[in-house]
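Visitor: Next come the chains, spelled out residue by residue.
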Amino acid sequence: MMFAVEVNNVFKSYGKVEALKGVSFHVEQGELFGIIGPDGAGKSSLFRVLTTLLLAEKGSATVDGLDVVRDYKKIRTRVGYMPGRFSLYPDLTVEENLNFFATVFGTTKEKNYDLIKDIYVQIAPFAKRRAGALSGGMKQKLALCCALIHKPSVLFLDEPTTGVDPVSRKEFWEMLQQLRKAGITIVASTPIMDEALQCDRIAFINEGEIKGIDTPEKILQEFNEILCPAPLERESVHGNDEPAIKVEGLTKSFGSFTAVDHISFEVHKGEIFGFLGANGAGKTTAMRMLCGLSIPTSGKGLVAGYDVMTQSEMVKKNIGYMSQKFSLYEDLKVWENIRLFAGIYGMKEDEIARKTDELLEALHFTAERDTLVKSLPVGWKQKLAFSVSIFHEPSIVFLDEPTGGVDPATRRQFWELIYQAADRGITVFVTTHYMDEAEYCNRISIMVDGHIKALDTPEGLKRQFSVATMDEVFTKLARGAVRKSD
Amino acid sequence: MIKFLIEKEFKQLFRNSFLPRMILMFPIMMMVLMPWAANMEIRNLNLCVIDNDHSMLSQRLVNRIEASTYFKLTSNKGTYAEGMNEIEAGRADLLLELPPHLERHVTRGEPAQVLIAANSVNGTKGGLGSSYLASIVRGNTDSMVSVRNLYNLHQDYKLFMVPGLMGILLTLLCGFLPALNVVSEKEVGTIDQINVTPVNKFVFILAKLIPYWTVGFVVLSICFVLAWAIYGFVPVGSLLVIYAGAAIYVLAMSGLGLVISNNSATMQQAMFVMWFCLVVFILMSGLFTPIRSMPQWAEYITMANPLKYFVEVMRMVFIKGSSWSDLSIQFASLGIFALALNAWAVVSYRKSA
Numbered sequence: 158m159m160f161a162v163e164v165n166n167v168f169k170s171y172g173k174v175e176a177l178k179g180v181s182f183h184v185e186q187g188e189l190f191g192i193i194g195p196d197g198a199g200k201s202s203l204f205r206v207l208t209t210l211l212l213a214e215k216g217s218a219t220v221d222g223l224d225v226v227r228d229y230k231k232i233r234t235r236v237g238y239m240p241g242r243f244s245l246y247p248d249l250t251v252e253e254n255l256n257f258f259a260t261v262f263g264t265t266k267e268k269n270y271d272l273i274k275d276i277y278v279q280i281a282p283f284a285k286r287r288a289g290a291l292s293g294g295m296k297q298k299l300a301l302c303c304a305l306i307h308k309p310s311v312l313f314l315d316e317p318t319t320g321v322d323p324v325s326r327k328e329f330w331e332m333l334q335q336l337r338k339a340g341i342t343i344v345a346s347t348p349i350m351d352e353a354l355q356c357d358r359i360a361f362i363n364e365g366e367i368k369g370i371d372t373p374e375k376i377l378q379e380f381n382e383i384l385c386p387a388p389l390e391r392e393s394v395h396g397n398d399e400p401a402i403k404v405e406g407l408t409k410s411f412g413s414f415t416a417v418d419h420i421s422f423e424v425h426k427g428e429i430f431g432f433l434g435a436n437g438a439g440k441t442t443a444m445r446m447l448c449g450l451s452i453p454t455s456g457k458g459l460v461a462g463y464d465v466m467t468q469s470e471m472v473k474k475n476i477g478y479m480s481q482k483f484s485l486y487e488d489l490k491v492w493e494n495i496r497l498f499a500g501i502y503g504m505k506e507d508e509i510a511r512k513t514d515e516l517l518e519a520l521h522f523t524a525e526r527d528t529l530v531k532s533l534p535v536g537w538k539q540k541l542a543f544s545v546s547i548f549h550e551p552s553i554v555f556l557d558e559p560t561g562g563v564d565p566a567t568r569r570q571f572w573e574l575i576y577q578a579a580d581r582g583i584t585v586f587v588t589t590h591y592m593d594e595a596e597y598c599n600r601i602s603i604m605v606d607g608h609i610k611a612l613d614t615p616e617g618l619k620r621q622f623s624v625a626t627m628d629e630v631f632t633k634l635a636r637g638a639v640r641k642s643d
Numbered sequence: 041m042i043k044f045l046i047e048k049e050f051k052q053l054f055r056n057s058f059l060p061r062m063i064l065m066f067p068i069m070m071m072v073l074m075p076w077a078a079n080m081e082i083r084n085l086n087l088c089v090i091d092n093d094h095s096m097l098s099q100r101l102v103n104r105i106e107a108s109t110y111f112k113l114t115s116n117k118g119t120y121a122e123g124m125n126e127i128e129a130g131r132a133d134l135l136l137e138l139p140p141h142l143e144r145h146v147t148r149g150e151p152a153q154v155l156i157a158a159n160s161v162n163g164t165k166g167g168l169g170s171s172y173l174a175s176i177v178r179g180n181t182d183s184m185v186s187v188r189n190l191y192n193l194h195q196d197y198k199l200f201m202v203p204g205l206m207g208i209l210l211t212l213l214c215g216f217l218p219a220l221n222v223v224s225e226k227e228v229g230t231i232d233q234i235n236v237t238p239v240n241k242f243v244f245i246l247a248k249l250i251p252y253w254t255v256g257f258v259v260l261s262i263c264f265v266l267a268w269a270i271y272g273f274v275p276v277g278s279l280l281v282i283y284a285g286a287a288i289y290v291l292a293m294s295g296l297g298l299v300i301s302n303n304s305a306t307m308q309q310a311m312f313v314m315w316f317c318l319v320v321f322i323l324m325s326g327l328f329t330p331i332r333s334m335p336q337w338a339e340y341i342t343m344a345n346p347l348k349y350f351v352e353v354m355r356m357v358f359i360k361g362s363s364w365s366d367l368s369i370q371f372a373s374l375g376i377f378a379l380a381l382n383a384w385a386v387v388s389y390r391k392s393a
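Residue numbers (the working numbering), protein chains in the order written: chain A, 158 to 643; chain B, 41 to 393.
Chain A extracted, bound-state conformation (with noise of 0.2 Å):
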């Protein structure tokens, strides 16, 4: 029988790095196959080799029995591809994006619309929507929907889930299922145990060669302490009661749009504070505000002591902020953005530069000092941020979905670095779409369309809703919410 992929002895090299070492693999027709591994590991050559979008240096590869190199244009129209993100146009609607899609594999949208039925009509009620103003969730199954618009026989998703909410990330994956029975192939990479358990077969993936193929239980047993590291353990410290951020009926409306609505609560000084919720639910505009980025509608908030309406630049000097988006410069050395974070704070030359020594120290980073930031895998950069981040000893520290796309094992290390700046005094507010780093809070906060619809520590709201898991928990709440889109 014909495999639906099949790669032999595949090498590519960018430079002095190799990407890809020999790597073999193949899959069988209707397989849901996975491809994990950590940042780097070069799971997106793989993809962008398959897909021919690269050429492989050495070796062959065939998908749907035509040969990569030889017979790039019939794979083409035969294979689906969804990179990471920016697969759409986010200045067209929903219904344009598709069209275009349509169009460019010279069909139409109602030629193969049963396939597509089930996942465009959760997403049809927006269809008149840009899709730039998709919550990541939507955006992720109107990608998928134009990937699958010309009826591939093989579809590949490199991370399609990366910055989803639990709950879209689910019904993304009931979708998969769902085209598997079809009969489609697919091949998809995710940094998430629990995704990767849905697959057939997954393949396990590090410094560009195949460690392991097999059903995902045995891949997970066998790679257990980079794929499903032991839980960190740490002491509840019960900070003081002294309010590190303290809001009140806090409100931004953008137009007749209210998107977080009349939210009041209290972070204490030296807390890990989760700050959760579905896309869209209105999480990163309450931050942008705490943080003096946005100014409040309505409402009081304090952060440090000083008024986030009225002494904005006060509450800047006091706190750390690491945002969603990569926010180090990516064209300066791993000690130049060091620096120049440091300087921006005031602190003085002689500090910088033993603090800088300390830093790279502790982070195992010292052979990294004059790397390019943008030649550090996603993980690494994360690490850098944070640190930097908390570099002239903040008070309170904003950490906006810190972890989104990063190998479990790196994220267990950056919520190490959490720790230990909990443990220096540092307050923490994080958002986050990991249930287990959820677990690893003081307290969390739930928001659904744009209000806070619950507020404990993690026993405690399980206890509440009477559930094993936080994910559980988080799916009971955001699965009540109306506004899903936006």
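Be aware that a few hints might be false.
Stated by the list, open to error - In silico negatives: residues of chain B with every beta carbon more than 12 Å from chain A:
#	residue
1	F44
2	L45
3	M62
4	Q99
5	S108
6	Y110
7	M124
8	R131
9	G167
10	L220
11	V265
12	L318
13	P335
14	W337
To be verified - Cβ pair distances, simulated, as ranges:
#	chain 1	residue 1	chain 2	residue 2	range
15	B	I376	A	T467	43 to 53 Å
16	A	S410	B	S224	26 to 36 Å
17	B	S388	A	D224	28 to 38 Å
Worth flagging that the hints you see were computed from the coordinates, not collected in a lab.
Heads up, the beta-carbon is just placed ideally off N, CA and C, and yes, glycines get one too.
Since chain A is already given, all that's left is putting chain B on it; use the hints.
Guide: Below, chain B alone, put in the same frame as chain A:
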């Protein structure tokens, strides 16, 4: 604090694989190539002569025309119709038809009719060509006119263009480049990271501008050296006046660039607005076409064009040697632009929305 930010800008500028080379190539292109290309002088017009006289006089006339650098005698035809064919085919720009018995009429002192027909698709070319030609034909029979070319003694068009081109250079380097830089930080998202720090917005903007100002003045100086080395042009007036004018102009243009960048969400949008401004500025600055020959309403519009004043400063100082007192209007206007545009830029830049 600003030290760290300026350091960052310089590092980013010189680490870019493309910009530093461009910044170096740009003045060289401007000084070496442009003065030859951006040339409005009418030379080497193709002339077709229809000589119906075949006399000594007509022969002498044609020789005299050929001797001038303005005309190239490309053909001799027998009839007007044949001559017209030459124009239709694009082989001739001008026709000169000499009537029969021209010599006889001239020696008898009778009026004679010579016909000049010019292809006036390009009005300037046709008009200037026919009037040059007419003046040669008329010879020096009419009254004596003495002409003195003031300042630009050899009527060298390049001397006229060089100082103006320096203006375009400064507009791009100091006005638009830093503004595009701000927009790119917006697009990448790093500007959020800066906005959440206690950096003062003046400091941030100043740190963006200073490196480009420095680069701009270095490039301007390179241009002066090139103009001297290649063409032997040396400013007649004081360099101090030129640099002072350039400083105010650069300030005004940076302000405009920042206003545009503050109001643009994407690079594409900013680029488009800047190109629009640049084209309007250049065409309405008097750089290529004299402002006096524009219609009155267009002349009023040019008053709102900072480049116009700067080109005037450059040309007046460089070619005429004007001093401060001759340029008070230009300096005052540039000063007003600088103040207004920068005030607008500061108001429109917000650290929080």
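Visitor: For W337(B), is the shortest beta carbon distance to chain A beyond 12 Å?
Guide: With a cut-off of 12 Å, W337(B) remains clear of chain A, as the shortest Cβ separation is near 38 Å.
Visitor: Confirm or reject the statement that Y110(B) sits farther than 12 Å, beta carbon to beta carbon, from all of chain A.
Guide: Nearest chain A Cβ is 55 Å from Y110(B), so the label holds.
Visitor: Could you check the hint for me, namely that S388(B) and D224(A) are 28 to 38 Å apart, CB to CB?
Guide: Violated: the Cβ-Cβ distance is about 56 Å, outside 28 to 38 Å.
Visitor: Over 12 Å to the closest beta carbon of chain A is the bar; see if P335(B) clears it.
Guide: Fine: 40 Å to the nearest Cβ keeps P335(B) off the interface.
Visitor: May I ask you to check that R131(B) keeps its beta-carbon over 12 Å from the closest beta-carbon of chain A?
Guide: Holds, because the least Cβ-Cβ distance between R131(B) and chain A comes to about 50 Å, which exceeds 12 Å.
Visitor: Test the statement that F44(B) is away from the interface with chain A: the closest C-beta pair must be farther apart than 12 Å.
Guide: violated (3 Å)
Visitor: Taking the minimum C-beta separation from L45(B) to chain A, is that value above 12 Å?
Guide: violated (7 Å)
Visitor: Over 12 Å to the closest beta carbon of chain A is the bar; see if M62(B) clears it.
Guide: Non-interface label stands for M62(B): nearest chain A Cβ at 16 Å, farther than 12 Å.
Visitor: L318(B): least C-beta distance to chain A exceeds 12 Å?
Guide: holds (26 Å)
Visitor: Minimum C-beta separation from G167(B) to chain A exceeding 12 Å: can you confirm that?
Guide: holds (49 Å)
Visitor: How does the Cβ-Cβ distance of S410(A) and S224(B) compare with 26 to 36 Å: does it lie in that range?
Guide: holds (30 Å)
Visitor: Measuring Cβ to Cβ, find out whether V265(B) lies farther than 12 Å from everything in chain A.
Guide: With a cut-off of 12 Å, V265(B) remains clear of chain A, as the shortest Cβ separation is near 31 Å.
This entry does not satisfy hints 1, 2, 15, 17, going by the numbered hints stated previously.
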